[in-house]
Amino acid sequence: MLITVVIGIPALYVFVKLFDGPGESWAHIAEYLLPKYVKNSLYLALICAFQTVLFGVTSAWFSVRYEFYGRRILEWLLILPLAIPSYITAYAYAGIFDYGGSLNLLLGWFSLDVGRIDLMNINGLTLILSISLYPYVYVACRAFFLHRSQNLIDASQVLGKGEVQHFFKLILPMARPAIVGGVILVLMEVLNDYGAAKYYGVNTFTTGIFKSWFGYREPETAIYLAALLLVIIFALILIEQKQRGTRKFAINGGSERQLQRLKCSRLKQIWVTTLVALPVFLGFIAPVIQLVYWAVISYVKIDWIALLHVILQSLSIAALAAFCCVLVATSLLMAKEWNRLNWVNQISKIGVLGYAIPGAVIAVGVYIPGLYFDKWLIDFVGQTFSTKIGLLLTGTVMALIYAYIVRFLAVAFNPISASREKIQFGLVQASQSLGKGAFSTFIKVELPLLKPALLGAFILVFIDVMKELPLTLILKPFDVQTLAIEAYQFASDERIIEAAMPSLLIIATGVLPIIFLNRLVSKS
Amino acid sequence: MLLSVDHLYKSFNLGKVQAVYDISLQLEAGKAYAFLGESGSGKTTLARLIAGLECPDRGEIHLNDELISSDSYHLPAEKRAVGFVFQHYALFPHLTIAKNVEYGISGNPGKRERVDEMLRLVNLEGYGKRYPHEISGGQQQRVALARALAPDPKLILLDEPFSNLDNHLRQKLRTEVFTILQNTGVCSVFITHNSEDAMAISDEVLVLREGKLLQQATPTVLYNQPSSSYVARFFDTLVDLPQALLESFEYHGEKNKIYFLKNHHFRVDGSGDFRANASVVRTLCLGKDYLVEVKVGEYTFELSTPKPPESSEIYIGWRQQDLLIFDPENSR
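Residue numbers (our numbering), protein chains in the order written: chain A, 2 to 525; chain B, 20 to 351.
Hint data in this document are derived by calculation from the structure and do not stem from the laboratory. In this text the structure is predicted, and so the values were computed from the model without any measurement. There's no promise every hint is true.
Simulated pairs of lysine-lysine, BS3-like, Cα-Cα distance not exceeding 25 Å [claimed, not checked]:
| # | chain 1 | residue 1 | chain 2 | residue 2 |
| --- | --- | --- | --- | --- |
| 1 | A | K243 | B | K35 |
| 2 | A | K337 | A | K445 |
| 3 | B | K314 | A | K170 |
| 4 | B | K314 | B | K276 |
| 5 | B | K148 | B | K130 |
| 6 | A | K170 | A | K40 |
| 7 | B | K276 | B | K231 |
| 8 | B | K231 | B | K50 |
| 9 | A | K269 | B | K98 |
| 10 | B | K173 | B | K98 |
| 11 | A | K376 | A | K452 |
| 12 | B | K118 | B | K148 |
| 13 | B | K118 | A | K243 |
| 14 | A | K337 | A | K452 |
| 15 | B | K148 | A | K170 |
| 16 | B | K307 | B | K326 |
| 17 | A | K423 | A | K445 |
| 18 | B | K173 | B | K50 |
| 19 | B | K231 | B | K35 |
| 20 | B | K50 | B | K118 |
| 21 | A | K264 | B | K35 |
| 22 | B | K130 | B | K98 |
| 23 | A | K264 | B | K98 |
| 24 | B | K173 | B | K130 |
| 25 | B | K98 | A | K170 |
| 26 | A | K37 | A | K212 |
| 27 | B | K118 | A | K170 |
Generate the whole structure from the sequences, applying the supplied hints.
Dropping the structure here:
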């Protein structure tokens with residue numbers, strides 16, 4: 002209960018501020034910039050939604066429906082673009098398509114010249130975001146396709162429909178909830194993105210928040226923008242729930258047969274392989290090659306000791322945040338279980354909304370109430386104990402960790418809660434009938450069973466924190482540096498080549514756990 | 020002949036599981052058939068082979084004298100005009116009832132009329148705009164039937180059509196479905212593990228076991244002249260009659276035959292062609308019948324009778340014509 006309230010503060014604060022009125026430069030922003038923010042953000046969201054569906058749905062469908070060369074590897078390679086934060090993909094592509102960039106260099110060997118392909122605009126940005134975010138749609142659809150289709154495809158087939166008709170008349174409309182679920186995640190990420198939009202010079206809501214914060218030095222305006230963005234996001238969630246309405250897409254009862262893979266001719270297999278490999282190449286392989294190339298040429302410039310310092314800081318912050326997130330998520334879950342009151346359940350839902358709220362909004366929502374809290378605490382301690390203390394929350398690692406928990410709690414909560422639901426209630430009852438109380442049942446029975454889920458949740462939050470940029474940028478203490486910030490700063494200082502090494506390190510920390518998780522999943 | 024199947028084989032898991040083993044059969048137009056068998060008997064696989072949802076390893080299937088399946092040729096399911104009603108109905112959850120029924124109808128003109136006609140046929144007029152999850156299980160069943168009938172198939176296969184329904188609804192729907200199919204005149208095949216269902220809805224029953232076809236016959240023949248003890252056991256409890264027990268009844272059987280009697284063919288009033296002394300171990304009342312455990316010599320077995328025995332020492336008897344005699348290979 003307390004946790005939920007504490008988690009809810011930033012969002013609530015930002016929302017309340019909507020009625021408080023903005024700062025001085027609001028008039029200027031509203032007149033000149035806001036229409037652009039709205040237009041750009043919506044345009045980005047729309048085009049990205051379309052493109053990620055295109056990439057995600059086709060790759061998911063082909064990978065579950067057909068047998069083709071390299072399917073096993075490609076199946077999980079398709080997830081890997083998630084390991085690269087979109088701002089890093091953006092940097093890499095800027096390098097690939099620049100004057101004298103890798104593409105020109107490559108084509109130069111064949112005496113071809115395409116000149117400069119300008120990617121540094123809003124359309125380029127949609128492409129970058131789409132190739133780095135489509136795995137959300139892919140993962141959601143894949144799970145859906147795998148388990149829910151064969152019986153219905155059989156039915157469609159005996160009713161005289163062919164493969165193409167199955168897909169368009171049956172699979173696509175039925176997969177709508179899965180697709181929408183994936184797309185919503187994509188949209189959250191798109192609206193959350195700061196690094197890529199900033200680098201490509203596209204003004205969005207999130208860059209606007211930063212501009213009013215750091216540029217105009219007007220937190221009120223930043224908050225006002227954040228609140229507006231929040232409204233848009235909640236509208237989005239509402240629309241999604243509304244359009245789903247009362248229709249059920251789940252299939253009634255019965256044993257569902259797994260989808261059978263179709264075997265096809267060699268030529269067709271090559272086609273499918275190429276098609277499925279394309280997003281992997283664009284979203285992962287190409288940017289990684291570019292970064293490796295940069296890392297190699299900037300090798301001598303790297304200050305290894307400083308870098309090591311950043312790595313250690315980054316890893317420990319991420320580990321600490323992930324640990325706290327798992328802890329909070331688990332206690333929230335247990336509180337929900339032990340307390341049979343319905344309203345507690347309802348409240349716990351609010352606690353996990355954080356992921357929907359852009360990092361910049363949370364940062365603003367943490368920073369300003371934190372400041373008030375610190376002022377109050379300093380006065381209070383000063384009066385009662387006559388001692389002076391420094392700022393406790395603002396500009397400290399504590400605030401940063403708190404903000405991470407607010408933002409990533411859902412990432413930890415969902416897998417743990419899903420895994421908890423799979424534990425038979427009988428086990429808990431059996432333990433209770435053997436004389437164990439709720440707490441010792443939890444320690445002795447549930448915790449061991451939840452272990453893989455807890456580990457998975459830890460890893461997911463860990464990766465997310467490693468990648469996180471906008472929130473960290475606003476809240477980090479001066480003396481703290483993370484790999485993400487390092488990469489961002491090099492890139493903004495036009496020292497993009499030097500951004501390669503920290504970027505590669507972030508990617509590595511993302512890829513290794515994914516491989517590990519993949520092993521874990523395929524084993525069980 | 021509408022459908023003929025010749026020496027069909029199908030195995031799964033690289034030959035480890037023989038789902039269908041050397042099955043040959045013929046189905047006539049306009050008749051109703053039942054594939055009867057336990058789970059794993061191959062009845063569903065056989066149906067899926069006929070529908071074109073699986074390819075056979077060997078053998079051929081002809082529909083209207085046209086080859087539709089062999090080891091080298093496979094007419095895809097969507098071109099066969101064979102209807103299929105799936106066990107769990109497989110209604111498309113995102114489409115309305117009307118759209119579900121319309122799904123398989125090709126050609127635009129007359130589509131709507133055909134849908135209305137089908138919904139009328141299955142007594143679901145006015146339900147067209149609802150979604151599958153908004154109607155009951157029995158109604159879903161009829162929608163599945165309407166959908167399968169809508170493209171006007173030559174043959175319709177129904178996979179365990181009543182297994183999801185409770186007993187009362189099952190009997191009601193069984194009659195309904197049977198009437199609907201009779202009205203359309205389509206050749207129908209019910210796949211079921213329930214012998215009562217099979218008898219009630221078909222002109223001929225085909226009993227399958229471990230991928231093999233044991234017997235194809237009308238319900239009456241099947242019941243009275245089962246080709247093996249396995250077939251007989253689908254309908255009745257059999258009492259094994261070893262030679263020594265037969266001797267007690269003063270019946271002298273042949274050496275290489277195995278003898279059985281249905282448990283309700285014993286008479287406890289002392290009538291019958293062959294009789295023996297028996298002591299009653301116990302009597303259980305099962306409603307309209309009594310289950311009586313008796314001891315004849317050293318053999319103990321249970322028989323079923325409408326009237327309970329009057330004393331603890333009785334004569335039990337049976338008629339010659341009721342005795343079931345099989346070769347050993349038919350009495351596993």
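Would you pick out the hints that fail for this structure and give their numbers low to high? Violated: hints 1, 3, 6, 11 and 20.
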